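Enquirer: Protein sequences, first through last, are from chains A and B. Under the working numbering, the first residue of the first sequence is numbered 1, with each subsequent residue one higher. Under the working numbering, the first residue of the second sequence is numbered 157, with each subsequent residue one higher.
FYI, nobody ran anything at the bench for these hints, they're computed from the structure. Keep in mind it's a predicted model, so treat the numbers as computed, not measured. Cβ coordinates follow ideal geometry from the N, Cα and C atoms, glycine included. Careful: at least some of the hints might be erroneous.
[Said to hold, decoys possible] In silico DSS-like links for lysine-lysine, alpha-carbon gap of 27 angstroms or less:
id: 1; chain 1: B; residue 1: Lys714; chain 2: B; residue 2: Lys750
id: 2; chain 1: A; residue 1: Lys126; chain 2: B; residue 2: Lys783
id: 3; chain 1: B; residue 1: Lys430; chain 2: B; residue 2: Lys783
id: 4; chain 1: B; residue 1: Lys750; chain 2: A; residue 2: Lys126
id: 5; chain 1: A; residue 1: Lys126; chain 2: A; residue 2: Lys115
id: 6; chain 1: B; residue 1: Lys537; chain 2: B; residue 2: Lys503
[Stated by the list, open to error] Just the calculated beta-carbon pair ranges, DEER-fashion:
id: 7; chain 1: A; residue 1: Glu16; chain 2: B; residue 2: Pro763; range: 49 to 55 angstroms
id: 8; chain 1: A; residue 1: Asp61; chain 2: B; residue 2: Ala743; range: 28 to 34 angstroms
id: 9; chain 1: B; residue 1: Arg370; chain 2: A; residue 2: Pro63; range: 28 to 34 angstroms
id: 10; chain 1: B; residue 1: Ile262; chain 2: A; residue 2: Ser118; range: 53 to 59 angstroms
id: 11; chain 1: B; residue 1: Arg749; chain 2: A; residue 2: Arg116; range: 25 to 31 angstroms
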Amino acid sequence: MPTVRFHLNGAETEIEADPDRSLLDILRGQIGMTGPHFGCGAGECGACNVIIGDHAVPACDTPLWSVAGKDVTTIEGLGTIERPHPLQRAFITEQALQCGYCVSGILMSAAALLKRNSSPTSREVKEALDRNLCRCGSHNRMVRAVLRAAEEMAAG
Amino acid sequence: MNQQAPDPSPPKLPVSLAANPRLSSWLKFSSDGQVAVSPGKVEIGQGIVTALAQIAADELDIDLSRVQMVRASTTASPNEGVTSGSLSIQQSGRALRHACAEVRRIFLQQAAERLGVGVDALDVEDGTISGPGNVRTSYWELADDVSLDRDATPGVTPKAVTSRTLAGHSVQRVDIPDKVLGRPRFIHDQALPGMLHGRVLRPEDARARLLELREDGARAVAGLVAIVRDGSFTGVVSETEPGAELAVQALRKGATWSDGDLLPDEGDLPSFLKSQPAESTIIDKKTATSPGAAARTIRRQYTRPYIAHASIAPSCAMAQWEGDRIHVWTHSQGVYLLRADLALVLKLPVENITVEHMEGAGCYGHNAADDVALDAVLLAKAAGGRPVRVQWSRQGEMSDAPFGAAMAIEIEADLDAQGEIVGWRHAIWSNGHAARPGRAAQPALLAGFELANPFPRMISTNPPQANGGGGDRNSIPLYDFPSWQIESHRLTTMPIRTSALRTLGAQGNVFAIESFIDELAAERGEDPVAFRLRHLRDERAKDVIRAAATRARWKPEKQPGIGHGIGFARYKNTGAYCAAIAEIESAEEISVRKLTLAVDVGETINPDGVINQIEGGAIQATSWVLKERVRFDHRRITSTNWTEYPILRFSEVPDVEVEIIQRPDIDPVGAGEAAHGPVTAAIANAVFDALGVRVRHLPVTRDSIIAAMELTS
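Next comes chain A alone, as it looks inside the complex:
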């Protein structure tokens, strides 16, 4: 089996696997990192979004070979209970979910947005999250939470 090397949540990672397998398979199945969720397997719902470089992408639609040498961040790398990311804190404050299955992917899309635009408008947040589906109808709370996190980050 070929070996693929990349940075996963800041850590040097070496995976021996068929390089055509999806990154989501590798994360969930081989590494046991279950934050990114399987929703459709076709890159249509965003539940498995991770950040590669600066962009949020669906891990189900990303072959392993394509992340060689790159930085991959999953929800597990965004923050911890001790040091949550401002987005995670804001999602708790705003109670910005119902079932929460989509939320790990949504947080990654939002984190990627805040990296390139630290003070987005509500419209820009909605655009950035437009490829993420939420079935419970928590959209407005999530948008509020992202705006809150941006403010908090700006205030330092």
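Using the hints, position chain B against chain A.
Expert: Just chain B now, kept in the frame of chain A:
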């Protein structure tokens, strides 16, 4: 007059507590300062577990952090049937409040004995019991001495509303931190030791039978453990998940299927629904004492399509056999009901089956959660005692799970010479809205219909009106018309599988009633809010309408391309009151810009939880109205992915404002299904306000508006 006062009726236990009276099945205290609370209801994304924890903490006088909520399981949990129908607060909440009040009293009696003071002199603060002279003990100290292995007794008085400190306040949901940190909380994220992975192969054509199966392709896939086949049920078990995927793809290539059943014409659902054999029932009849003379009669027909649950996660389950005993992990809405159906299929006593709940993605009714549990059980038979995890595909989730039933609704109103409503007839043609597991002598699980010795396919039925009804839910008007007749025609054939989806028939019926009311008001030149208020007697109903109207500044000035509409209902006619006002914009497509809602659920346990449910319901309903429709040709379901079955996206979501009318003295009811009907009607009525066109067939799309315009011209 010397009339004897009637005996006051003896106090009764809340329903769920009467069915599960043993106090220890609800509550367990431990000496380390924790209380385990075991409701029979389950978390399906609605925040119920937090609201129940609030009730328990409040009644016991302990901090919320001391409450450990236990997941429902058939090993120990009270049997509370199914988590559905917006009944969890009513059923589980009342039972828990009563049980906690009684347990608190039992502890106080024990403390009084130990401390040598009267019960009435004792106080509880965060579980510490104290009395005069600074004597003190606690639940935790007494935990080992107090036995809760006794039955609840009627007549316990829970705390007065005013002394509740948690209920009525928004608290943060207990499950949210895990979910935003990406911790493994969902069933999908669990890994049992030695776990294998299964996948099931199902035909694309509706109900096709498996004629022949070549296994060589699947056998060649690395990691394959077993191929299972029983009649038309077939699947694979593999060491790995990708292995299971590859093997089931190979198995698909080796499968030969019979022709499937013919599906109806999706483009003409009313003709299909009205031509099928049906069981007809008069749901309600009201006869005027002095009937007014009908000068004319207006008749309208409304339809709603089949709607998919379309959860973000495909359904998932795990199962493990040990001899003739089976352990199942599931996100089913009813662990005991699923167990009953598994027992029927497996021909095993229920004692041999343990069903344990784990959270899945948002659940809006009877989806594939139960089906996949049986799939896992059948595949695990070939796993030599190892646990097997089965997950459906997106395609399976969108085509094989039950749908919300399509409906055709006809309403006729008799108007007198002054144009007042003197007669009202409402008729519904629809499949039943419930085919849930665990309620019949035959199982309701998909694989059960596919076995070599198959069980008959269950035809959906409707719950009785006393339980809220099914296709007829919310079909009896709340308006004070002098006479009416409500009739339901439940189809006795079912080419497309239907079962309970959020609100059952209420969304369709409220859409029809509230659209028609709006039309009658418009015809008379009357304001739709005033017209509704004039026909309502119930003050709580009027209050939500007035509150929504005030908040939305009804009626905003007319602007080109913008429309406003209202919709109202009391869910099931016995639950939450909700009024919605929609502001829509008509451009290339219809977009909903804003929804303003007012809701009355009686006592509000967690106000933010109620707002979250109403807001979520309103947005989901907007998605149903603007986008959703299960697509099929005469052979198969074709809307099997998010492109073919689009739902509302972030950029399309309206602003939503929710106002709660607090009624702390009135028993609480659920909020999860109150918004769908009112929002649906409000949007349709706003489209009329903007365009002068009545869209009577959902979804409201460019095409349906054009079709409605052609009909009018």
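Enquirer: Taking 27 angstroms as the top limit, are the C-alpha atoms of Lys126/A and Lys115/A close enough?
Expert: This hinted pair holds, its Cα atoms lying about 16 angstroms apart.
Enquirer: Does the Cβ distance between Arg749/B and Arg116/A fall inside 25 to 31 angstroms?
Expert: holds, 28 angstroms
Enquirer: Would you mind confirming whether the straight-line C-alpha gap from Lys537/B to Lys503/B stays at or under 27 angstroms?
Expert: holds, 14 angstroms
Enquirer: Take the C-alpha atoms of Lys714/B and Lys750/B, compute the straight-line distance between them, and say whether it is at most 27 angstroms.
Expert: holds, 15 angstroms
Enquirer: Take the C-alpha atoms of Lys126/A and Lys783/B, compute the straight-line distance between them, and say whether it is at most 27 angstroms.
Expert: Holds: Lys126/A and Lys783/B sit about 18 angstroms apart, inside 27 angstroms.
Enquirer: Note whether the CB distance of Ile262/B and Ser118/A lies within 53 to 59 angstroms or breaks it.
Expert: Holds: the Cβ-Cβ distance is about 57 angstroms, inside 53 to 59 angstroms.
Enquirer: Does the Cβ distance between Arg370/B and Pro63/A fall inside 28 to 34 angstroms?
Expert: holds, 30 angstroms
Enquirer: Holds or violated: are the alpha carbons of Lys430/B and Lys783/B at most 27 angstroms from each other?
Expert: The given pair, whose Cα atoms are some 24 angstroms apart, holds under the 27 angstroms limit.
Enquirer: If I claimed the Cβ atoms of Glu16/A and Pro763/B lie 49 to 55 angstroms apart, would that claim hold in this structure?
Expert: Given range 49 to 55 angstroms: holds, Cβ gap about 53 angstroms.
Enquirer: Confirm or reject the claim that Asp61/A and Ala743/B have a C-beta distance inside 28 to 34 angstroms.
Expert: 32 angstroms Cβ-Cβ, so the 28 to 34 angstroms window holds.
Enquirer: Between Lys750/B and Lys126/A, does the CA-CA distance stay at or below 27 angstroms?
Expert: Holds, because 15 angstroms separates the two Cα atoms, which is no more than 27 angstroms.
This entry satisfies every hint, going by the numbered hints stated previously.
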